[in-house]
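Dock chain one against chain two, each of which comes alone in its own frame, and use the hints as you go.
One letter stands for each residue in the lines below.
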Amino acid sequence: MRVNGATRTGSPEARKTLADFLRDDLDLTGTHLGCEHGVCGACTVIVDGRAVRSCLMLAVQAAGSEVTTIEGLAPDGGMGTLQQAMWDSHSFQCGFCTPGFVMQATAFLGDHPDADEQQIREALSGNICRCTGYQSIIDGVLLAAERNRSGQH
Amino acid sequence: MKLPPFDYEAPQTVSEAVELLAEHGDEASVLAGGQSLIPLLALRLARPAMLIDINGVRDLPGVSATDGWLAIGAMTREYAAEESETVADAVPLLAAALPLIGHEAIRSRGTIGGSLAHADPAGELPAVARALDAQFVVRGPAGMRVIPAEEWFEGFLTTSRGPDELLVEVRFPTAGPGTGVSFQEVARRHGDFAIVGLAASLTLSDGVISDARLAFAGLSDVPLRATAAEELLAGQRPSAELFDEAARRATDDADPPADLQGSSEYRKTVAAALVRRGLRAAADHSQATERQ
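Residue numbers (numbering that gives the first Met the number 0), protein chains in the order written: chain U, 0 to 152; chain W, 0 to 291.
Okay, chain W solo, but in the shape it has when bound (with noise of 0.2 Å):
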């Protein structure tokens, strides 16, 4: 369907945008690169009064790693982030998941900002966010504050940005010496919505796990971290037996959603399905990284 009708501003720098967000509210709705948002406003899912335009706003594209963290601006590009180097070396499981976000035209214009703010519990960058406990820098009339992606993700397309307030940056620690990353997913088709996503890290050091990171994409309303495996792998020398036992861990208490594309049973056998491949990919990777 064509858009409804809305307001339209277009702002220039952070500080007009968020007073326009103060001044409207919820009433408004923050248009990034608009591939999640202009089809829920085609669809009549969302009628903003008003739409806030940040596309021109300036500082709000880049990306730099300083200090143990990637900080990537708001209004990345997701081809942008896909094509850079220091995305690929600093934080390579964002790396690994940006292919996969929608069709090559999506990525195009759609943002690393713009995907965490929609937070929709099926996609990918949610799924990296909380797998490596990303922190969300957002901007207000008070000023900034910094959310830990544990607090960011509230439910299902609802996160903890405050309706006055804009995600301007999105930091992600940078991956240290022997950490290994895979992301994997099942979809219908290449760049598809993921039946179910996982976002893995294992770091390695002297064949022991030192750390190990794993987020679900697709199986709640949230994107889920699975602590018990990420317990019962930390000490351990990787092998099939262990993600053996990592894969029920992760999805014995799992009650996943049910809908066209698969029932609950199946995302639950699929999502055990990836965590052993993902740990698997993760640790052949680090034992790569290692050797470096």
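Isolated chain U (complex conformation) (with noise of 0.2 Å):
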């Protein structure tokens, strides 16, 4: 499979999750396993240009696949638009939901510009986040959106 760009192999045991896939084996940590039932959406990351969750995936079912990571969206340690603003927005406190929401809101908006605020309700309605209450994390989702339309990073 091509992760984050470059070409991953590895012959993992068929029970193994994309998740652990990605974990364990090429030390992607940046995924993160909540509860490792396809609930709390920590886990989510991009297959094929789709937000799906990675612990309700066959490491084996993604060969030949295209998958993006947290460590995917921006080069060098840097953030990107979506990350800047969620930063800006004060969007996280403990960070352990922040890889799916991140992702999950990655994929949407490159579907969905021009979403308002309840279209991303609804978007990110699949994640947990147990420290916000959410508001702050919808908050960053629209400045990102609003900063992507208007070309500003």
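These aren't lab readings, by the way, just hints derived from the structure by calculation.
Errors might be hidden in some of the hints.
Derived CB-CB ranges, DEER-like [stated by the list, open to error]:
| # | chain 1 | residue 1 | chain 2 | residue 2 | range |
| --- | --- | --- | --- | --- | --- |
| 1 | W | Pro4 | U | Ser64 | 18 to 28 Å |
| 2 | U | Gly63 | W | Glu153 | 33 to 43 Å |
| 3 | W | Ala272 | U | Ala73 | 39 to 49 Å |
Some residues of chain W that are not near chain U, with every Cβ distance over 10 Å (derived) [as the list claims (entries may be wrong)]:
| # | residue |
| --- | --- |
| 4 | Pro10 |
| 5 | Ala87 |
| 6 | Leu231 |
Computed from the model, here is a short list of chain W residues facing chain U with C-beta under 10 Å [as the list claims (entries may be wrong)]:
| # | residue |
| --- | --- |
| 7 | Pro3 |
| 8 | Ala48 |
| 9 | Glu264 |
Glycine included, C-beta positions come from ideal geometry on N, C-alpha and C.
See below:
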């Protein structure tokens, strides 16, 4: 598979999820595992352009796919527009759910650059945050959408 | 939890998949989108010895509308059906239900066939299939057979698919002129399982209801048709009083399950409210499609 633009290979056991393969075999520990059964959204990554739960996909099923994780969003430890906007909006506190929210919002804004608050709320409804009460997360995604539209960073 | 060990096969064709099912039967589970099966494995609620992964099977995804039927290949992803204009034009009730299934990331992987073969009675698609009398096409060692929705749903997470059969296609009748639809549900948050859901379809000709279809999600161990209410509605003109009476008839005999999210009585009250709302919305929608 290709992960964050690089070809990566492996021979995981069939029962290994994509999440565990990314974390344990490829050392990409930015993808977090919360519930491990598809409820919390923390492990969301982008596979072939769509947000998916990496705990609900086997690693072997990603063979030949293009996978993007939180590490692949911006080069050299920098931050992309969405990440910066969420930083500026104090979107997160403890940070555990952060990669899932960022990946889900990245996929969603890619398809819906003009999304309004309600659409963003629905798109992020599958991700759980136990710190913020969500408002600051929504604010961050709205700010990113606005910055994307006006060409700001 | 991590998934328990299992043997894994990834057939490339329907015939190979059916051969594997014939060989392993009850010991095997079919892995489609995995959005229900993988959680069941993680929670140890399912312990199949083998997973037969049909994600690589050719010809299983795809949507086509011909001769009054919309045929959806079992491995069609929910997001693909949601984005399909063919689906929206041919079966608007299905199009109305699709965005309510799980969350965005779930619909990226989840499939139409997987959801209907899993047969969760709180799911949206089983209610739509039951309301519209969808047909289920399965392939087994003995060949194909077509199962009507009425016979497909046998109980909680149980269908009439044999252990050696593979669901390959689901057919929905296409909506005729004057048909208005609505999918209503009450859930704790968008994307959660519905506490109660309702698939509603009304066909009006010259202002009179010629066909009424109502099916509930979450009221029983199978999606539940409200036949008494449907019979009441047929031949009548839409009115608030009629819809009130339909809501009573639809829920009179219901004995919904109780859980943390709602008591049986609460579910019944919600179900009646959804009938009123759903019928009103379907009637409005019908008038809009009649004018087209």
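Status of the hints after comparison with the structure:
no., hint, result
1, Pro4/W - Ser64/U: 18 to 28 Å, "holds (24 Å)"
2, Gly63/U - Glu153/W: 33 to 43 Å, "holds (37 Å)"
3, Ala272/W - Ala73/U: 39 to 49 Å, "holds (48 Å)"
4, Pro10, "holds (14 Å)"
5, Ala87, "holds (17 Å)"
6, Leu231, "holds (35 Å)"
7, Pro3, "holds (7 Å)"
8, Ala48, "violated (12 Å)"
9, Glu264, "violated (28 Å)"
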